[in-house]
Each structure stands twice: as C-alpha cells, then as structure tokens.
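S.K.: Letter by letter, the chains look like this.
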Amino acid sequence: EDQVTQSPEALRLQEGESSSLNCSYTVSGLRGLFWYRQDPGKGPEFLFTLYSAGEEKEKERLKATLTKKESFLHITAPKPEDSATYLCAVRFAGGTSYGKLTFGQGTILTVHP
Amino acid sequence: DAGVIQSPRHEVTEMGQEVTLRCKPISGHDYLFWYRQTMMRGLELLIYFNNNVPIDDSGMPEDRFSAKMPNASFSTLKIQPSEPRDSAVYFCASSPTIEGENIQYFGAGTRLSVL
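Going line by line, the protein sequences match chains A and B. Numbering of the first sequence is given in my numbering, commencing with residue 1 and proceeding in unit increments. Numbering of the second sequence is given in my numbering, commencing with residue 114 and proceeding in unit increments.
Everything labelled a hint here was simulated from the structure, so no lab data went into it. Misleading hints may appear alongside valid ones.
[Claimed, not checked] Simulated restraints on C-beta separations:
hint: 1; chain 1: B; residue 1: 228; chain 2: A; residue 2: 55; range: 44 to 54 Å
hint: 2; chain 1: B; residue 1: 122; chain 2: A; residue 2: 70; range: 28 to 38 Å
hint: 3; chain 1: A; residue 1: 15; chain 2: B; residue 2: 176; range: 42 to 52 Å
In this text, a Cβ means the ideal position worked out from N, Cα and C, and glycines have one as well.
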C-alpha cells in the first residue's frame, strides 16, 4: 500500500536554529512530491513540487530535497512567522490516480523568538 | 483571481440533518477535489472531478456522502443524514492541467460540527 510518513510530529525551535523535516514514502511509482504549509484556520498553501531524485528547490529560508525514498524540508535560520504545519503529499503513477495526492500527517513547527 | 471559494466557513448542525457544502474553483481549473481533515486521520481525499466528471470517489466514507459538479464553476458536497463523527474541516481544492504538474490550490475550508 502506498504510504506517506512525516517526522517528527512536532518540532520546537528557537529563532535562528536550523533544522529539517522528513517525509518518507513507499510508492509503486512516484509522479511528484509536494510540500504545503498550513496555518491555523486556513487551507494548505503550496510551497514546492519535486519530481526526481536529486532535485532541490528553494524559497527564502526553505529548501526541499528529494531522494528515491524520502524528502527533506530544510529550514535555515527560522523566524517565528515560519511557525505552521508542514504537509507532504505524494502523487502516484497510473490509472485514475493522475490527480490524486496522498498526504502525510504533517509536522507542526513552532519557532520561538 | 479570488482563489478557491468555499461556503459556509462554519456550519453547526444537529445529528440527522442534511448538510450541503459549496465550492467555487479557480476559473480555468479543470480538476476539483474534496478533502476532509481531522486530527486523527489527517487530510483525506474524498472525491475528485475532472471536467465536471467524477473520477475517483473511493474516499467517500459511505452512502450518506454525495458530491456533484453541475458545471465548471460550482461543486457541492452533501451529507445526509449527518452524524457526529462527520465533524471535521472540509476542504475543496482545484488544479489546472499542466503537463508534468498538478498543483492543487486549496480553499479556506468549512468547519463542520454535528451535535
């Protein structure tokens, strides 16, 4: 069964303390890995898409990387406004699943000033 | 564009009542998705449409749930009769067909409480 697992469930950082979030997956065929940010009371907001092992993308203090079995979201020198839930989602290959994303449980990030 | 618009933002109802959630996707997007989010199960796909046609409804929990998309700018998710275990945040998302990509854009959600 295709699965997406995120770790840790929650992460508390001091402002400026860099760290990484993990998303591991078991799929029969990967057609894209997506990172979203979700603030309380809002819908998920798209951050990155990665398609092949070795690919990296950056946006401000965030950098996403992808291997054959997992993805990392690196947060460099975080600020309190980076506090949110970060969701990983995977799109699998084939059949009617073209548009379908399977989401992980998310990592709740809290950055203290 | 105003983004994906969902209504109502909050709904409180009593067990056994019918509930209808509404969604207006981003203009030009040909995919529409309905998700449910709970603390226990996270974000789960219920059903999705392509060009107004339901493609995969395997996530719909049971016959009490139904979804329609009568045209490209409107979709509904109906629960009849509602039960307390249906309490959750329901999200609608839409995406365009771009070769190699399928970025989904989410609405703000409807928080449903069934008493």
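S.K.: For a quick check of understanding: which of the numbered hints are violated here, in increasing order?
M.R.: Failing hints: none at all.
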